[in-house]
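> Protein chains in written order, with my numbering: chain B, 1 to 147; chain X, 1 to 501; chain P, 1 to 364.
Check each hint, because a few of them may be wrong.
[Stated by the list, open to error] Reference listing, derived: stretches of chain X covered by chain B, where coverage requires no fewer than 3 residues with Cβ under 8 Å from a Cβ of chain B: (1) 8-20; (2) 204-210.
[To be verified] Below 25 Å or equal to it, Euclidean Cα-Cα: the simulated SDA-like pairs (lysine to any residue) are: (3) P:K277 / X:Q162; (4) B:K130 / X:D434; (5) B:K38 / X:Q162.
Hints listed in this document are in silico derivations from the structure and should not be mistaken for laboratory results.
The structure displayed is predicted, hence computed values, not measured ones.
Even glycine gets a Cβ: it sits at the ideal position worked out from N, Cα and C.
Single-letter residue listing:
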Amino acid sequence: MKRIYVNEEWCLGCRLCEYNCAFANSGKRDMVTALKGKPIFPRIHIEGDDKISYAVSCRHCTDPICVKSCIAGAIYKSDGVVQIRKNKCVGCFTCVLVCPYGALSPSESGVMQKCELCLTNSVGEPACVKGCPNRAIVYEERGALNE
Amino acid sequence: MSIEFIYPEFEVIRNESRCIACRVCERQCANEVHSYDPERGIMVADESKCVNCHRCVALCPTRALKIVKSDCALRENANWPQSTINEIYKQASSGGVLLSSMGNPNPLPVYWDKILINASQVTNPSIDPLREPMETKVCLGKKKQEIRRDENGKLVCEMTPQLELSVPIMFSAMSYGSISYNAHASLARAATELGILYNTGEGGLHEDFYVYGANTIVQVASGRFGVHKDYLEAAAAVEIKMGQGAKPGIGGHLPGAKIVGDVSRTRMIPEGTDAISPAPHHDIYSIEDLRQLVYSLKEATEYKKPVIVKVAAVHNIAAIASGIARSGADIISIDGFRGGTGAAPTRIRNNVGIPIELALASVDQRLREEGIRDNVSLVVGGSIRSSADVVKAVALGADACYIGTAALIALGCHLCRTCHSGKCNWGIATQRPDLVKRLNPDIGSKRLINLVRAWQHEIKELMGGMGINSIEALRGNRLMLRGVGLNEKELQILGISHAGE
Amino acid sequence: MRLEGQVRIPSGCAIAAVISREGRKMSGELITNAMKPMHDRSNGLGGGFAGYGIYPEYKDFYALHMFFDSRESRKECEAFLKERFEIVKSENIPTRKTPAITDEPIIWRYFVTPLKSVLESMQLDEKEFVARTVMKINTGMKNSFVFSSGKNMGTFKAVGFPEDVSEFYRLEEYEGYCWTAHGRYPTNTPGWWGGAHPFTLLDWSIVHNGEISSYDANRRFIEMFGYKCTLKTDTEVITYIMDYLIRVKGLTLDEAANVVAAPFWSTIDSMEDEEEKKKQIFLRTLFPSLLVTGPFSIVLGFSGGLMALNDRLKLRSMVVGEKDDKVFIASEEAAIRTMEPNAENVWAPAGGEAVIVHVKDGCY
Numbered sequence: 001m002k003r004i005y006v007n008e009e010w011c012l013g014c015r016l017c018e019y020n021c022a023f024a025n026s027g028k029r030d031m032v033t034a035l036k037g038k039p040i041f042p043r044i045h046i047e048g049d050d051k052i053s054y055a056v057s058c059r060h061c062t063d064p065i066c067v068k069s070c071i072a073g074a075i076y077k078s079d080g081v082v083q084i085r086k087n088k089c090v091g092c093f094t095c096v097l098v099c100p101y102g103a104l105s106p107s108e109s110g111v112m113q114k115c116e117l118c119l120t121n122s123v124g125e126p127a128c129v130k131g132c133p134n135r136a137i138v139y140e141e142r143g144a145l146n147e
Numbered sequence: 001m002s003i004e005f006i007y008p009e010f011e012v013i014r015n016e017s018r019c020i021a022c023r024v025c026e027r028q029c030a031n032e033v034h035s036y037d038p039e040r041g042i043m044v045a046d047e048s049k050c051v052n053c054h055r056c057v058a059l060c061p062t063r064a065l066k067i068v069k070s071d072c073a074l075r076e077n078a079n080w081p082q083s084t085i086n087e088i089y090k091q092a093s094s095g096g097v098l099l100s101s102m103g104n105p106n107p108l109p110v111y112w113d114k115i116l117i118n119a120s121q122v123t124n125p126s127i128d129p130l131r132e133p134m135e136t137k138v139c140l141g142k143k144k145q146e147i148r149r150d151e152n153g154k155l156v157c158e159m160t161p162q163l164e165l166s167v168p169i170m171f172s173a174m175s176y177g178s179i180s181y182n183a184h185a186s187l188a189r190a191a192t193e194l195g196i197l198y199n200t201g202e203g204g205l206h207e208d209f210y211v212y213g214a215n216t217i218v219q220v221a222s223g224r225f226g227v228h229k230d231y232l233e234a235a236a237a238v239e240i241k242m243g244q245g246a247k248p249g250i251g252g253h254l255p256g257a258k259i260v261g262d263v264s265r266t267r268m269i270p271e272g273t274d275a276i277s278p279a280p281h282h283d284i285y286s287i288e289d290l291r292q293l294v295y296s297l298k299e300a301t302e303y304k305k306p307v308i309v310k311v312a313a314v315h316n317i318a319a320i321a322s323g324i325a326r327s328g329a330d331i332i333s334i335d336g337f338r339g340g341t342g343a344a345p346t347r348i349r350n351n352v353g354i355p356i357e358l359a360l361a362s363v364d365q366r367l368r369e370e371g372i373r374d375n376v377s378l379v380v381g382g383s384i385r386s387s388a389d390v391v392k393a394v395a396l397g398a399d400a401c402y403i404g405t406a407a408l409i410a411l412g413c414h415l416c417r418t419c420h421s422g423k424c425n426w427g428i429a430t431q432r433p434d435l436v437k438r439l440n441p442d443i444g445s446k447r448l449i450n451l452v453r454a455w456q457h458e459i460k461e462l463m464g465g466m467g468i469n470s471i472e473a474l475r476g477n478r479l480m481l482r483g484v485g486l487n488e489k490e491l492q493i494l495g496i497s498h499a500g501e
Numbered sequence: 001m002r003l004e005g006q007v008r009i010p011s012g013c014a015i016a017a018v019i020s021r022e023g024r025k026m027s028g029e030l031i032t033n034a035m036k037p038m039h040d041r042s043n044g045l046g047g048g049f050a051g052y053g054i055y056p057e058y059k060d061f062y063a064l065h066m067f068f069d070s071r072e073s074r075k076e077c078e079a080f081l082k083e084r085f086e087i088v089k090s091e092n093i094p095t096r097k098t099p100a101i102t103d104e105p106i107i108w109r110y111f112v113t114p115l116k117s118v119l120e121s122m123q124l125d126e127k128e129f130v131a132r133t134v135m136k137i138n139t140g141m142k143n144s145f146v147f148s149s150g151k152n153m154g155t156f157k158a159v160g161f162p163e164d165v166s167e168f169y170r171l172e173e174y175e176g177y178c179w180t181a182h183g184r185y186p187t188n189t190p191g192w193w194g195g196a197h198p199f200t201l202l203d204w205s206i207v208h209n210g211e212i213s214s215y216d217a218n219r220r221f222i223e224m225f226g227y228k229c230t231l232k233t234d235t236e237v238i239t240y241i242m243d244y245l246i247r248v249k250g251l252t253l254d255e256a257a258n259v260v261a262a263p264f265w266s267t268i269d270s271m272e273d274e275e276e277k278k279k280q281i282f283l284r285t286l287f288p289s290l291l292v293t294g295p296f297s298i299v300l301g302f303s304g305g306l307m308a309l310n311d312r313l314k315l316r317s318m319v320v321g322e323k324d325d326k327v328f329i330a331s332e333e334a335a336i337r338t339m340e341p342n343a344e345n346v347w348a349p350a351g352g353e354a355v356i357v358h359v360k361d362g363c364y
């Protein structure tokens with residue numbers, strides 16, 4: 001299936017992906033209304049320093065440890081995409097602890113959130129990929145390499 | 001401050017109602033214009049550092065930024081424009097020669113814009129390039145030769161070496177050092193994909209790019225940086241650089257700060273030393289010396305590669321070209337006075353040389369009058385800005401065009417003209433690793449390919465309109481051109497009639 | 001208004017040609033009749049004919065057909081000719097008065113042979129010498145014009161419809177093994193006889209229908225080699241190209257056709273015959289500036305044969321037919337049927353496909 005891949009060689013650390021992500025999942029019509037004057041809660045994060053940087057988001061593992069460890073049964077995998085039922089999340093942070101990539105994080109409301117590939121929001125395709133100025137984040141089919 | 005103070009040339013206008021303080025502008029500005037004021041929770045700008053490269057404008061996710069020309073002006077004076085006064089302030093303060101980058105920006109005549117192209121009506125048909133073959137392929141090299149036959153009367157089909165181009169456009173010489181590794185990678189990959197050539201410039205050829213040799217022109221300039229046997233053998237053609245349109249008559253100077261790592265290795269000079277190209281080649285003080293270098297390079301490459309001689313368009317260009325055409329060179333490349341540069345003394349860039357249109361017209365005509373036009377191919381550069389410029393150049397007599405600035409713009413250059421600072425925010429004219437990585441060659445090469453393909457489509461449309469289905473039939477076809485608003489002398493030099501004639 | 005030669009005048013046309021492979025003579029009447037059904041392809045501003053084998057008694061001499069504006073210009077030109085040639089015969093070209101043809105210049109013909117001494121001192125072969133002399137007269141002498149300069153052949157042309165031109169020149173009195181004809185539809189009224197076609201140089205004659213878009217590219221290239229395009233017509237430049245390729249460079253007719261109407265690169269790339277492919281690449285690479293684009297159909301006449309050729313897109317009509325020893329070529333089939341109602345194998349050659357007809361050796 002198509003997945004998000006990042007390439008640190010081209011990541012500029014500009015953090016546009018974080019802002020595009022936060023906006024895409026805000027449900028608001030424009031970025032200013034969505035993000036101005038408040039902290040943002042993106043589902044993708046730039047890691048690194050001024051020498052090297054890269055974006056981190058959910059890998060949608062073949063056998064996701066977050067799904068197994070969720071005490072509320074809020075995390076599930078459907079059509080290859082790991083998703084969260086927000087109304088079931090109890091905010092125990094277990095998934096945050098177990099995820100080896102740091103792909104889960106609390107949302108503005110306190111329940112956990114993660115990258116769901118923008119498949120259900122109004123963007124319809126990963127906003128981080130679409131907005132990356134240097135093609136450091138791509139959304140593509142690479143076979144069963146990581147499955 | 002005081003008399004040294006020059007009010008910033010640009011103003012950064014931030015629409016506070018749109019700015020979300022994401023700080024992308026801050027992270028992307030190598031000139032450190034933008035910063036975040038945590039006390040007020042807003043972005044602020046130091047305009048004095050802004051070069052108007054538009055990196056922040058282009059990346060701002062909420063379109064909150066624009067850069068405008070400052071309206072803080074001295075009293076208007078047609079004889080003493082503000083830019084002239086500011087230059088005097090700078091020189092009075094520094095005592096130095098002023099440096100500039102990219103081509104001459106002054107409002108000197110652009111003859112391309114005063115030339116119009118013909119189209120067929122009634123007496124012969126225009127041709128639809130979507131329905132009929134439309135050929136843009138050209139071969140560069142010496143054409144003049146005796147026709148020989150074997151004992152059975154069959155043609156002996158041996159030719160002097162030729163360069164084949166799918167479209168009469170090549171990427172002009174820009175050295176590794178003056179532009180980045182990724183810029184070179186983009187040019188090399190695009191040239192290969194397009195079936196055209198790019199030019200290493202005088203900085204040598206990075207070992208990673210030898211694989212693109214069949215689409216590479218290597219340059220031998222007065223500094224001879226990076227010239228060795230493998231370098232010559234790797235290429236499709238060798239270009240002797242005698243001059244550059246932006247700075248005829250002077251050499252080059254790449255500061256030691258840019259001679260780092262691979263640049264130093266590729267140029268074959270120690271790290272940190274200044275790379276100084278002398279003004280002349282010190283083994284070429286006259287035309288007969290040029291002939292010797294041409295044949296030295298041919299010997300070195302076993303007469304398998306065309307040799308190009310590149311000269312700047314100067315007053316006596318027709319006679320110079322005639323000399324070169326008799327020197328054994330296969331191709332003459334002429335660079336007009338609006339050609340780009342990574343750095344040149346401002347006075348030279350703005351005042352030396354002549355327009356490429358006039359140089360091309362007079363050289364082509366002169367070589368024909370002397371009956372030696374088919375000794376050589378003619379390649380012209382120095383501000384070819386569009387497919388229409390290419391068509392006009394070919395109709396004036398060029399075999400192909402070099403594009404440099406247009407290629408850089410395709411790669412993201414916004415013509416801020418501060419290449420000499422080495423802090424190119426678009427990752428082109430810089431060696432700073434964090435900036436170089438901003439140019440992803442996957443994107444860069446694709447954009448170059450798009451540009452040349454788009455121009456190729458337009459060239460075909462223009463040719464089809466004229467009822468010409470091969471670019472060969474356009475070359476030197478000056479009847480397809482008319483001038484507008486040109487005087488008799490200009491028309492005479494261009495060898496075209498005025499519109500309406 | 002500027003005259004022909006000072007300005008380029010595009011024109012449409014009718015062409016026709018007939019040749020006997022056996023070298024059998026035909027009167028000029030045959031080709032004249034062929035032009036009649038194509039009357040509407042001309043507009044009365046130019047018509048002309050070329051006949052081969054028409055001067056058997058002077059076949060070793062160059063027949064210079066000339067227009068003069070005045071007696072003085074003829075005297076001046078004659079003096080010039082005498083410095084270079086032995087003139088064995090000098091006479092008026094016989095004409096007959098017809099109301100359709102007016103304002104005729106002085107029309108003269110000379111049968112000449114170059115002076116050996118001059119040839120030697122200039123180190124030129126005979127043909128090159130004659131070609132250069134023609135060029136010199138046509139560019140240098142304002143009121144003299146050579147419109148035919150081959151051996152045992154001649155061109156006859158005027159301002160008028162082709163059939164009237166034929167009557168004027170009494171072509172029914174000439175007999176040749178090959179004839180070509182031209183009716184012109186210029187988009188201007190130059191009213192100058194020299195501008196009518198066929199255009200000739202030495203034995204080459206060309207009739208042409210079309211307006212080539214490569215004109216100035218071709219002209220500026222060919223002028224490097226001593227040719228001067230004084231008429232600014234396609235026909236003139238194509239004649240010089242053929243002369244250069246065949247006589248000067250030594251190409252065959254086929255090879256010259258491959259240069260002028262070169263196969264597309266894509267066609268060359270897909271050729272399976274490696275020899276042929278190499279040859280085509282060679283010719284296209286060496287003579288790119290002699291590629292002719294835009295519509296044309298031409299008949300190139302020469303001693304002992306002719307070649308018909310269309311542009312590579314076939315943007316002008318041209319039909320070929322045969323009957324016994326004769327081959328017919330015309331813009332329209334009707335013209336062929338007029339010459340030979342029972343013509344066989346009538347076909348339209350493809351664009352760029354040269355049709356070459358030779359008269360049997362010894363029969364012309």
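> If a hint holds in the structure, say so; if it does not, say that too.
Cross-check of the supplied hints:
no.: 1; hint: 8-20; in the structure: holds (count 4)
no.: 2; hint: 204-210; in the structure: violated (count 0)
no.: 3; hint: P:K277 / X:Q162; in the structure: 17 Å, holds
no.: 4; hint: B:K130 / X:D434; in the structure: 22 Å, holds
no.: 5; hint: B:K38 / X:Q162; in the structure: 64 Å, violated
The structure shown violates the earlier hints numbered 2 and 5.
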